[in-house]
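Residue numbers (the numbering used here), protein chains in the order written: chain A, 1 to 323; chain B, 1001 to 1323; chain C, 2001 to 2323; chain D, 3001 to 3323; chain E, 4001 to 4323.
Just so you know, these hints were derived from the structure itself, not from any lab.
Backbone N, C-alpha and C fix where the C-beta goes; we use that ideal spot for every residue, glycine too.
Hints are not guaranteed to be accurate.
What the hints assert, rightly or not - Restraint ranges, calculated between C-beta atoms of paired labels, are given here:
#: 1; chain 1: A; residue 1: Gly11; chain 2: C; residue 2: Ala2025; range: 49 to 59 Å
#: 2; chain 1: B; residue 1: Thr1014; chain 2: D; residue 2: Glu3166; range: 53 to 63 Å
#: 3; chain 1: C; residue 1: Arg2074; chain 2: E; residue 2: Asp4090; range: 50 to 60 Å
#: 4; chain 1: A; residue 1: Gln258; chain 2: B; residue 2: Asn1178; range: 19 to 29 Å
#: 5; chain 1: D; residue 1: His3289; chain 2: C; residue 2: Leu2304; range: 34 to 44 Å
#: 6; chain 1: D; residue 1: Trp3314; chain 2: B; residue 2: Ala1181; range: 25 to 35 Å
#: 7; chain 1: B; residue 1: Gln1258; chain 2: D; residue 2: Trp3314; range: 19 to 29 Å
#: 8; chain 1: B; residue 1: Arg1288; chain 2: C; residue 2: Leu2304; range: 18 to 28 Å
#: 9; chain 1: B; residue 1: Ala1205; chain 2: E; residue 2: Asp4004; range: 55 to 65 Å
#: 10; chain 1: D; residue 1: Gly3029; chain 2: E; residue 2: Asp4031; range: 18 to 28 Å
#: 11; chain 1: C; residue 1: Glu2092; chain 2: B; residue 2: Leu1304; range: 58 to 68 Å
#: 12; chain 1: B; residue 1: Ala1126; chain 2: D; residue 2: Gly3029; range: 56 to 66 Å
#: 13; chain 1: B; residue 1: Asn1178; chain 2: C; residue 2: Ala2308; range: 14 to 24 Å
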Amino acid sequence: MIVDCALYRDGSRTDDDSHWRELKAKATGDDDFVWIGLHDPTPEEMHDVAEAFGLHRLAVEDAGEPHQRPKLERFGEMVFLVIKTLWYVDAEDAVETGEIAMFVGKDFVVTVRHGQGNELHTARSALEHSRQVLDHGPGGVLYAVIDRVVDEYLDVTDELVIDVDEIETSVFSADRTNDSARIYVLKREIAEVRRAVLPLREPVARLASGDIAAVPEEATPFFRDVADHLARAAETVDSLDALLSTAFDAHLAQISVQQNDDMRKISAGAALIVVPTLIAGIYGMNFRHMPELDWSFGYPFALLLMAAAAGGLWVLFKRSGWL
Amino acid sequence: MIVDCALYRDGSRTDDDSHWRELKAKATGDDDFVWIGLHDPTPEEMHDVAEAFGLHRLAVEDAGEPHQRPKLERFGEMVFLVIKTLWYVDAEDAVETGEIAMFVGKDFVVTVRHGQGNELHTARSALEHSRQVLDHGPGGVLYAVIDRVVDEYLDVTDELVIDVDEIETSVFSADRTNDSARIYVLKREIAEVRRAVLPLREPVARLASGDIAAVPEEATPFFRDVADHLARAAETVDSLDALLSTAFDAHLAQISVQQNDDMRKISAGAALIVVPTLIAGIYGMNFRHMPELDWSFGYPFALLLMAAAAGGLWVLFKRSGWL
Amino acid sequence: MIVDCALYRDGSRTDDDSHWRELKAKATGDDDFVWIGLHDPTPEEMHDVAEAFGLHRLAVEDAGEPHQRPKLERFGEMVFLVIKTLWYVDAEDAVETGEIAMFVGKDFVVTVRHGQGNELHTARSALEHSRQVLDHGPGGVLYAVIDRVVDEYLDVTDELVIDVDEIETSVFSADRTNDSARIYVLKREIAEVRRAVLPLREPVARLASGDIAAVPEEATPFFRDVADHLARAAETVDSLDALLSTAFDAHLAQISVQQNDDMRKISAGAALIVVPTLIAGIYGMNFRHMPELDWSFGYPFALLLMAAAAGGLWVLFKRSGWL
Amino acid sequence: MIVDCALYRDGSRTDDDSHWRELKAKATGDDDFVWIGLHDPTPEEMHDVAEAFGLHRLAVEDAGEPHQRPKLERFGEMVFLVIKTLWYVDAEDAVETGEIAMFVGKDFVVTVRHGQGNELHTARSALEHSRQVLDHGPGGVLYAVIDRVVDEYLDVTDELVIDVDEIETSVFSADRTNDSARIYVLKREIAEVRRAVLPLREPVARLASGDIAAVPEEATPFFRDVADHLARAAETVDSLDALLSTAFDAHLAQISVQQNDDMRKISAGAALIVVPTLIAGIYGMNFRHMPELDWSFGYPFALLLMAAAAGGLWVLFKRSGWL
Amino acid sequence: MIVDCALYRDGSRTDDDSHWRELKAKATGDDDFVWIGLHDPTPEEMHDVAEAFGLHRLAVEDAGEPHQRPKLERFGEMVFLVIKTLWYVDAEDAVETGEIAMFVGKDFVVTVRHGQGNELHTARSALEHSRQVLDHGPGGVLYAVIDRVVDEYLDVTDELVIDVDEIETSVFSADRTNDSARIYVLKREIAEVRRAVLPLREPVARLASGDIAAVPEEATPFFRDVADHLARAAETVDSLDALLSTAFDAHLAQISVQQNDDMRKISAGAALIVVPTLIAGIYGMNFRHMPELDWSFGYPFALLLMAAAAGGLWVLFKRSGWL
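Next comes chain A alone, as it looks inside the complex (with noise of 0.2 Å):
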């Protein structure tokens, strides 16, 4: 589905509403530049605009399918981008992702979106209004969508950093919480957030090198501003996965400590039973002289010692701390 298509202009959006193809044909000025969105296209469009685009197979395959990888490719002139796209689910407490594929030239930007989140018509209206990205052509559109993306990655790492703060008090509280599983799931998200993140540099430290002709020299500031956000990205998300495995042992050891309270809570209860379960086989035992058996009190005598036995104990164990 094609979600949006204009024509920019000496850095401004034109009215013109026509269809794509006529847009790309008055597209001749030299700053003149079309900009189409795609929205999870059909096979049948994905190949019209590739063919009226001169868009190179490979990268329209790539682009056709979802599940890519982060890359950078130049074909000629043509930049092709993939990157993927990342937002945080509160219902679920998960990172969902989603993928933008880009194709830059000198006078047109295909995006080619796959996935629910990370609509691009809020970075198209921002950019829209801001002359000095525009200024830049196609590699200004560049610019705004992988800022806009990798900002997004920051949201994302900030969401996570909150969700390790509540496994860390789970972890640490007195309750039994049985927290492995919550943590393996995760790890699990912060492993996805890698994938994103991660393979993405090695694309935008070229873009920030300069040698990629659709970014100009001084665009090169802007790109490096990004890369140092993605930096950003990494290092919270590998600091975040350490903190995790670190909890995860701290988990392990709560576990064993409290194992090791409840042993020695259950063994001092035993105790509680087993003394007076004794004293009663005492008074129990069948001798021809046992002067205690034949005392008027002796019957709740027994009963008292048995409770003072148990009572002793009671207090021994609480002293030191078995119960």
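With chain A held as given, fit chains B, C, D and E onto it using these hints.
Below, chains B, C, D and E alone, put in the same frame as chain A:
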């Protein structure tokens, strides 16, 4: 065994069914080339072909025996490539490995296949229908074979992802499952895949860099695409390996938690018996003056007392989660 | 808030107390420069200064909001540096972080500080008394600030060494201590320090390499010295992190050993009661012919037997280390 | 001890049995060279040879004492190589190490061997029958020795693979095996192998790169082949090490699972005795009115009751998998 | 304190006992040089020497205070080296560290030593008897000192190997040993050694590369030899560290196995008492018709039955390995 042999001219297969030596003699045109396919060749077959095409002694030795490492070697104009093939056997949930050795010269391709899987027949057919690739001559064949093998790597990693998901479900299920053997086996399979994937990255990168004569400049994007798929396989495999390690730790935690639960259940169960035993012991004492003993309903009273004690403990333990 | 502003001429501070705009206008001499210090500036202050000195939009954005990554960026002749400050709060055994952003031009230095710690006042005073550094102009100021911040890193790592020593003592003490929470928190602090130290290495290395215009050739040994201190901090932090992991494992081992000791103590204690219970059971049997039952001292004999059995077991267990 | 010495001319060994000094004097032709083989030489022998061939002091020191690190050193035209030899002693399931030092000059080869294994005699014989290698002169000898040693590395790693398989079987067998000592020993052997294999990669890579004068350009593919075998050995060793770590974790999990099983078995067994004891306790109570006590078949009834309780519990525990 | 000072001329020490300032003045010949040795110098001594030889302020600061990182710094023609010294204190099984700072100029060497160990006197004597090294002038002194220090690293690692062997024996012995503290301490020592060894590799590599003016081209093999020894120390240390980690895991496994053995022994022991208790309970029942009670030998029969039950269980448990 020679499984297939053909002469290719002007980007398509000729019908000529002659012996490979004759085909070789006919491949005189600029773009002509012969493709001979061997499968588990005898030393004699290997020797004949090596002599006819002037293959290097070391490469022939490597091609003749299986269990080589993926590698790319140049001998003058000729390129020698060893690549490991992988396929997933559903029946056994296991990854099997084979091997293909390729000699690619100016006017010939010799492929030597070891092991069962990944026959090259379908790759050859597919190639014969794609003039675009075949036009690149022996370099195109090189691409077609590598591309097919690497695509199968991705199929295998997809299956491994499913296996890891199953293990995950099993680890976190309430059932008592002993997953360590399965995790171990899967880690072993993953190590196998890694041994095929990782050493291949350097050869493919060299093919993509354009300084291998057999690969024309305009064909390098195809090899970069393969390199990208390879990177994807490597990332998946690394990430699965890390996930399995975490799953293992989680499995250990589950075992500990279950042991703890069992211990508490056992203790609670023991209390249900030990307390009535104490009561029985008390009424088994031989004191002369024990009023209960003379009651008409002393015996049912004692039984009731025992049942009440056991019942009370039951409720108590249920509430505190010990039973 | 503008916390300090001065004009430096011929390697020393002038008395001129004018507004910073006037000072800027007066800095016309070859070695004259203005140093403006901001602390948690409002967007307006930031904007004014940025406009006056022609600071780059991206750098101003980064300087305006805290939680940036340490980095060095060149915009033409100007250098922009972000550096994290660390200090140790004794009361909480915690590491706090702040941030300093610096803009260093040919004739000006703008420092923007976020957070509480590491006020730059003392650094400035120290610098004003050291003509040797001040002679290097804005580059000297750059050095002075980095040097001071990195020296504080070393102070922080010294404190962390003490914390690790304390944990070590606690882990290997005979007391039952639950050190996992403390180890976790310290690992977290260390990760914080690492996030400040590690990304700073690359900027400092670039300053030491001599290809940053603001740093004259003869000043590079000073930056190499800072790089060396930074390396020391990084090595200490890595080594503490590894030690803490080992301490954690040792803590787990201690827990296991203690559980084992407890289990044996409990079992030995149980034997002391169960064996007399058996004896009591035997003399509670109802056989007609049990000679002991008719003895005059049968009862004391039975009690003695119980005591002897318990005493014998006690000695036995003490000797074998179970009690 | 000088174990062998010969003059090689025109690619084959001469019959000349003279003293090595004379052979050296006769090696005047362009392709003539002398090969002296020493085994655990005395300092005097070492000194004589060193002086005669002008070997560098440092290299002679290294060759004279064992336990060096694999390395390649150039002294002018001469090449000095230290290589570790490995062999597997079946009787002890252990890897033994030895050492070979080689001095390779324009017209001589001096090999110094330490330790028992890997005598060079068979390597020399094999070489003397392979004119192709011998034609390359001293460089060919260098290749022949390294090739043989590295082939033995692969034999050793094959044996280690078998050992790891055995451990695997043992870990996952139902038997109670204490595999930690075996895993530890094997990890130690693997570390030994790694210390031989890994540092050799750089010297072999340099020999394969063609910038060592003693190795003619056309011989570099042979060294690349050795480098490839070395890489294979290194990969195998790394992968075995990782597998052993996983096997260790699995072993720990097995221990935990077995402990859990034991605990449940013990508890179930205890229940089989404790419940009848309660019943016996009940019929041991002294109530005046207990109808069962007066039944003719009260006693057999009670015994049956006990047996039924125990039997019922048995079935219950069997079904739930506790026994 | 100035511990030694001498003028070296033509490759040997002169007898001149003058004050170092005079010796410095006399060192006018081409190959003349002065070597001043300081030990824990006062700031004044340091200052005097620094001024006389024109040493750089930063280097003097670093030389004056201990606990620096190993490093090599060039100030014009002068080379400044910091190196950590290590020695093993047998009495405490501990590694101690000291420090040597060296200033090496065209015609002087200043060595500053901190800490107890590694006095340089014997190194100086050895050097004075080896014209070959001394001929290289100050560069030869540099080599002699580094060589000696690195040789002592190897002595220390040899001692650590012995310590690890002892721990190994202890871990796998049948005794109940708590080795975690010893392993921890040894890991800490190893970390200390690593902090001395690893950062020194880069300075030594630079000295071996031949682009440090103070080291003549023909002296580089000597530094390559040192680099090789350093690599050996680093490899040993890494390998010991990995072995200790494995030993720790094995130690944990031993603890678990012992706990399991204990648990089974305890349970078997409990059974030996609980079963006779049940029998006693049975004969303590009050049924009117219990034929055994009236037997003349009923009581001995019951005792025998108990003994037989306990004995039978004993045999059973012995056979199954529980006792």
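Hints versus structure:
Roughly 35 Å separates the CB atoms of Gly11 of chain A and Ala2025 of chain C, a value that falls outside the hinted 49 to 59 Å. Take Thr1014 of chain B and Glu3166 of chain D: their Cβ atoms lie about 55 Å apart, and the range 53 to 63 Å holds. Our hint of 50 to 60 Å for Arg2074 of chain C and Asp4090 of chain E holds, since their Cβ atoms are close to 56 Å apart. Distance hint check: the CB atoms of Gln258 of chain A and Asn1178 of chain B are about 23 Å apart, consistent with the given range 19 to 29 Å.
In this structure the supplied range 34 to 44 Å holds for His3289 of chain D paired with Leu2304 of chain C, their Cβ-Cβ distance being about 36 Å. Evaluation of the 25 to 35 Å hint for Trp3314 of chain D and Ala1181 of chain B yields a pass: the beta carbon distance comes to about 30 Å. Range check, Gln1258 of chain B to Trp3314 of chain D: Cβ separation about 23 Å, and the 19 to 29 Å hint holds. The hinted range of 18 to 28 Å is satisfied by Arg1288 of chain B and Leu2304 of chain C, whose Cβ atoms lie roughly 24 Å apart.
Separated by about 57 Å at the C-beta atoms, Ala1205 of chain B and Asp4004 of chain E satisfy the suggested range of 55 to 65 Å. Separation of Gly3029 of chain D from Asp4031 of chain E is about 44 Å and departs from the stated range, judged on CB atoms against 18 to 28 Å. The hint said 58 to 68 Å for the Cβ distance between Glu2092 of chain C and Leu1304 of chain B, and at roughly 59 Å that hint holds. Under the hint 56 to 66 Å, the C-beta atoms of Ala1126 of chain B and Gly3029 of chain D, about 59 Å apart, fit the expected range.
In this structure the supplied range 14 to 24 Å is violated for Asn1178 of chain B paired with Ala2308 of chain C, their Cβ-Cβ distance being about 47 Å.
Of the hints listed earlier, those the structure fails to meet are numbers 1, 10, 13, in rising order.
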